[in-house]
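Student: The chain contents come next:
2 protein chains.
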Amino acid sequence: MSNTKRIVVIGGSAAGPKAAARARRLDPEADITILQKDPDLSMASCGYPYYIGGVFSDRKDLLSTPAGVVRNAEFFHNVKGITARTKTEVLSIDRAARTLHCKNLKSGQDETVGYDKLIIATGSVPRIPPVSGHDLSGITPLKSMEDTDYLRKKCDERKVTDAVVIGGGLIGIETAEALQRTGIQVTVVELLPQILMFLDWDLAKTIENHMKSNGVRIITGNGIAAYLGEGESLSGARLQDGTEISCTLAVVATGAAPNVALAREADLAIGETGGLEVNEYLQTSDPDIYAAGDCIETTERITGGRVLAPYGDLANLQGRVAGENAALGNKQVFPGTILSGICKVFDHSAGSTGLSVARAEKAGISTVTVVIAGPDKPHFMEGRPMVTKMVAEAETGRILGMQCVGPGDVSRQVAEAAMAIRGGLTITDLANADLPYAPPFSPAIDNLITAAHVLQNKIHGAMKGISSTEVKERLDAGEDLFMLDVRSPAEYEAMCLGVGETLIPLGALRKRLGELPEDKKKEIICYCKISLRGYEAARIIEGHGWENVKVMEGGLVAWPYELG
Amino acid sequence: MSNTKRIVVIGGSAAGPKAAARARRLDPEADITILQKDPDLSMASCGYPYYIGGVFSDRKDLLSTPAGVVRNAEFFHNVKGITARTKTEVLSIDRAARTLHCKNLKSGQDETVGYDKLIIATGSVPRIPPVSGHDLSGITPLKSMEDTDYLRKKCDERKVTDAVVIGGGLIGIETAEALQRTGIQVTVVELLPQILMFLDWDLAKTIENHMKSNGVRIITGNGIAAYLGEGESLSGARLQDGTEISCTLAVVATGAAPNVALAREADLAIGETGGLEVNEYLQTSDPDIYAAGDCIETTERITGGRVLAPYGDLANLQGRVAGENAALGNKQVFPGTILSGICKVFDHSAGSTGLSVARAEKAGISTVTVVIAGPDKPHFMEGRPMVTKMVAEAETGRILGMQCVGPGDVSRQVAEAAMAIRGGLTITDLANADLPYAPPFSPAIDNLITAAHVLQNKIHGAMKGISSTEVKERLDAGEDLFMLDVRSPAEYEAMCLGVGETLIPLGALRKRLGELPEDKKKEIICYCKISLRGYEAARIIEGHGWENVKVMEGGLVAWPYELG
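Heads up: the sequence lines are chains Y and Z, in that order.
For the first sequence, counting from 1, position 305 maps to 305 in the numbering used here; every step adds exactly one.
For the second sequence, counting from 1, position 160 maps to 160 in the numbering used here; every step adds exactly one.
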């Protein structure tokens with residue numbers, strides 16, 4: 001028997017090939033094999049919706065290096081010195097013998113593959129609600145190249161006029177945009193009260209509004225009850241409330257579960273989340289077996305809880321760590337996630353990092369929070385608005401989370417917030433952060449810094465904030481709030497709340513204080529487009545003795561409801 | 001005498017109005033006055049080059065709020081409750097009497113203004129080399145609205161065909177682009193060996209190349225010797241080496257010095273940098289006097305040294321701190337700078353944060369460093385390249401600095417690096433950072449993370465890097481290096497070094513090892529477009545026994561010289 005170390009990787013999508021490549025680079029002697037059930041390797045699965053929607057049209061781009069070389073078995077052999085076997089399904093793991101029982105899907109032959117170190121990167125499997133009609137033709141998840149090819153073909157044929165997307169998560173929303181862009185009328189059906197659960201309701205609602213303005217229909221709080229067919233083909237969808245939607249294409253995007261069937265059969269520990277349990281070295285309960293990617297659970301860094309974090313970037317990072325540790329022994333630690341994510345939705349972007357208020361409070365952390373709106377550049381550079389919600393720990397001021405949506409440069413905002421959270425920065429740290437500024441890139445004071453400033457003001461009592469959702473609830477409940485819009489008449493003309501508000505432009509406010517309620521205890525709610533002038537107004541009014549003056553956070557830009 | 005606190009601010013550009021506004025918000029009772037020598041207030045001076053170059057054409061945009069209201073004295077009175085007096089020059093400070101001796105430039109009258117707390121925000125004054133002819137008409141700095149109006153007029157008139165910009169710093173380069181965009185042939189003259197001194201030579205050179213490809217002429221290592229005139233008008237410039245350039249417009253952008261004349265006369269402490277000395281509360285050597293903006297020196301956070309950091313964003317942040325402390329006593333600390341900056345140069349961006357190798361070594365810190373090149377998005381999303389240089393402390397791995405240039409999304413890169421430095425993150429932390437990823441925004445592995453990975457590889461000996469500048473120097477010195485390009489023939493055809501390199505595509509390398517030098521000790525330098533394949537090649541070659549294999553960092557994308 002040779003002394004060459006045999007490293008075997010199950011799974012050839014993101015984490016698997018990365019693990020194999022890293023192991024190869026660190027151990028030129030090892031015998032490294034990837035076993036992949038699918039026909040392709042290293043698929044850029046995050047790119048599927050963009051190929052379907054026609055953002056690019058060369059299918060090979062999903063499978064090739066930036067230099068245009070397809071990452072097939074020959075590529076892995078010649079370039080990486082790795083044996084990559086596609087259409088090879090692993091049927092079971094014999095941990096005692098350190099062997100895998102495999103089936104060659106091309107030849108139908110069974111065979112046995114031995115390993116010294118094994119890396120499991122089996123990804124996830126789509127969750128398919130087993131409702132009646134789910135096997136009609138025209139219904140597909142979006143998980144594989146095969147699914148991608150199917151949806152692209154449907155778009156290219158231009159025969160489908162109406163489609164439903166079941167599930168308003170990341171994949172559902174990206175797919176809905178892709179289909180809608182090719183001229184298909186898309187209806188998104190989401191069981192929960194909102195789309196994009198990584199966002200809070202109010203921010204998700206602004207994205208929902210933007211999708212609707214691009215023609216997508218969105219139905220929340222409703223799920224699929226049955227697919228309807230004509231013969232063997234899909235002709236419609238019936239929802240749980242009885243609504244029927246005519247459609248000949250349905251994409252099922254109701255989430256995915258860690259693919260741990262093999263691991264479970266091999267008696268490897270599975271966590272409460274349903275993901276494979278691994279330690280900080282990404283080692284499973286068997287020291288000879290590592291795991292990486294969507295099939296594992298990982299540590300949420302802020303609370304220390306275990307979570308599923310099926311993100312493409314983390315799969316790559318975990319693959320690198322697992323590959324290194326499999327090759328050299330436990331050297332690299334994977335420190336966990338802060339759940340950073342982002343997506344593009346037509347002309348808006350939506351991103352999040354760290355904890356929401358709900359998630360933090362669930363973990364027993366008291367929070368302070370703020371919503372601001374602001375442009376991504378100065379007005380003279382045609383800055384585009386963004387709404388930012390920031391969450392900090394009440395006791396320490398440590399930043400816990402941040403969400404950002406809008407047409408502006410959300411990517412920079414979320415990236416810098418992710419780094420701030422990773423570095424344990426506080427509101428005070430952010431308030432004087434030194435970020436790169438020039439007019440083509442940001443306002444003089446970056447929105448993240450502004451959010452910290454406003455949060456400081458709230459904490460020190462210089463500003464009392466009220467959320468748009470609280471305002472709406474109280475107005476809907478018939479409360480008599482004094483709503484004060486301090487924009488110009490021209491701005492008001494173009495767009496307003498229409499809830500019986502009073503308009504006094506900020507510049508005239510000091511002279512028109514007589515128009516405010518006589519009762520100095522009456523609650524007054526100030527706002528403007530982004531509530532910066534609203535804040536100025538509140539300070540002026542408070543300076544004149546009114547005692548219950550609030551600023552509606554984020555102003556009209558962050559108002560998630562219809563405008564008057 | 002009233003008990004109302006009198007807060008007086010000298011200077012009405014960025015830091016001054018911010019300080020006044022902050023003081024007002026925190027102390028509704030105070031009597032707050034801004035004394036401004038110029039006719040305008042709150043000018044968006046960072047926007048001057050964009051107005052000059054026609055990016056926008058409404059002059060008012062430089063002086064107004066995002067809602068379009070001009071920030072004049074009436075605005076400050078009505079909206080902010082602040083007395084803002086323009087064309088009012090402060091001639092001297094009487095610290096004992098706590099009075100200012102002022103001159104009303106409209107009426108010519110002298111007057112005295114008393115203060116309880118004073119905030120000095122006098123900005124900077126342009127350094128004008130006193131060479132012969134410097135008073136000819138057609139020569140201007142770019143410092144004021146008046147200068148801006150003058151340059152915009154020159155562009156609009158379309159009479160100037162040739163201009164020189166003296167100084168290749170931030171303002172010089174932004175102005176050069178602005179003028180060139182309006183059809184003027186611009187020559188930038190820089191005394192130092194490179195433009196944009198916040199960048200290292202190699203990265204600055206790629207920006208220089210990009211400017212040249214946009215038609216700007218750039219002369220480095222040469223200064224202005226004399227302006228030449230026809231009558232009273234500029235007709236040319238003679239450089240220190242005797243070169244003469246025909247031009248009818250010259251912009252002097254040779255830097256600015258803190259404007260500390262008033263403070264110096266009042267015997268306030270001035271630092272070695274020439275900036276006003278302040279403590280962490282931005283308090284000068286007189287406890288009743290605060291200072292903020294370009295006139296002060298501040299702490300460079302990493303080394304603790306004192307620096308000038310004349311950035312618009314810091315001026316605003318400092319103004320906020322000084323205003324708060326003047327109003328409420330010393331509450332807020334300004335923690336200093338990490339020298340983050342960015343600029344747009346035609347279709348490229350250039351940014352920097354933290355320390356360069358030179359600056360770190362000067363402070364006695366040993367460093368490790370790396371240059372990488374990579375796209376800002378996956379290839380199928382038309383990712384645009386960027387070159388990133390990262391500097392870390394050798395002993396601890398703590399990130400010290402980062403520079404980034406190229407057509408890609410440099411802004412996000414520098415912003416996240418700035419936050420990483422602020423949080424004290426190390427290479428190990430960055431190697432598994434959790435950043436927001438989706439194909440429209442970044443590659444699966446963000447460039448900053450890739451830089452950390454490559455630095456890990458260098459530190460652990462998995463990769464030996466060599467800089468493009470070292471390669472060039474050694475080739476120029478006639479050394480016989482084995483240069484190995486591992487791209488495809490088609491890529492080679494389109495662009496190559498042309499230094500006698502050998503081309504073996506990576507995919508063929510394992511079969512063509514016979515073409516490598518027989519001597520296994522011979523130095524082999526591998527590279528490709530970005531040197532990712534170059535790194536793979538080096539690992540393969542080392543795996544076959546060659547002992548001195550290096551990767552040219554950043555590949556052809558980071559090569560700052562002409563290509564063959």
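None of these hints come from the bench; they were simulated from the model.
It is possible that part of the hints are untrue.
Intra- or inter-copy, both count: the list cannot distinguish identical chains.
Straight line, CA to CA, 20 Å or less: simulated DMTMM-like cross-link-like pairs of lysine to aspartate or glutamate [unchecked claim]:
id, residue 1, residue 2
1, 377, 232
2, 511, 31
3, 212, 515
4, 377, 393
5, 377, 347
6, 143, 74
7, 331, 395
8, 60, 382
9, 511, 74
10, 37, 147
11, 87, 149
12, 458, 523
13, 143, 61
14, 5, 542
Student: Now tell me if each hint is right for this structure.
Tutor: Hints, one by one, checked against the model:
When the C-alpha separation of residue 377 and residue 232 is checked against a cutoff of 20 Å, the pair qualifies neither within a copy, at 53 Å, nor between copies, at 41 Å. Proximity of residue 511 and residue 31 under a CA criterion of 20 Å is satisfied inter-copy only: 18 Å between copies versus 82 Å inside one chain copy. Taking the closest pair of Cα atoms, residue 212 and residue 515 never come within 20 Å of each other, the shortest separation being 38 Å inside a single copy and 61 Å across copies. In this assembly of identical chains, residue 377 and residue 393 lie within 20 Å of each other by CA distance neither inside one copy nor across copies; the values are 29 Å within and 34 Å between.
Proximity of residue 377 to residue 347 under the C-alpha cut-off of 20 Å is found in both arrangements, the shortest distances being 16 Å within a copy and 17 Å between copies. Taking the closest pair of Cα atoms, residue 143 and residue 74 never come within 20 Å of each other, the shortest separation being 25 Å inside a single copy and 61 Å across copies. In this assembly of identical chains, residue 331 and residue 395 lie within 20 Å of each other by CA distance solely across copies; the values are 18 Å between and 36 Å within a copy. Within a single copy, residue 60 and residue 382 get their C-alpha atoms only as close as 37 Å, which misses the 20 Å cut-off; across copies the closest is 14 Å, which meets it.
With identical chains, the CA atoms of residue 511 and residue 74 are at most 20 Å apart between copies only, with a shortest distance of 13 Å across copies and 79 Å within one. Taking identical chains as interchangeable, the C-alpha atoms of residue 37 and residue 147 lie at most 20 Å apart only when both belong to the same chain, with a minimum of 15 Å there against 68 Å between chains. For the homomeric pair residue 87 and residue 149, the shortest alpha-carbon distance inside one copy (18 Å) is at most 20 Å, but the shortest distance between copies (69 Å) is not. In the homo-oligomer, the alpha carbons of residue 458 and residue 523 lie at most 20 Å apart inside one protomer (17 Å), although the nearest pairing across protomers, at 62 Å, exceeds that limit.
Taking the shortest Cα distances, residue 143 and residue 61 sit within 20 Å of each other inside one copy (17 Å), while across copies they are farther apart (49 Å). Taking the shortest alpha-carbon separations for residue 5 and residue 542, only the inter-copy value of 19 Å comes in at or below 20 Å, while the best intra-copy value is 74 Å.
Hint compliance for this structure: hints 1, 3, 4 and 6 are not met, and every other hint is.
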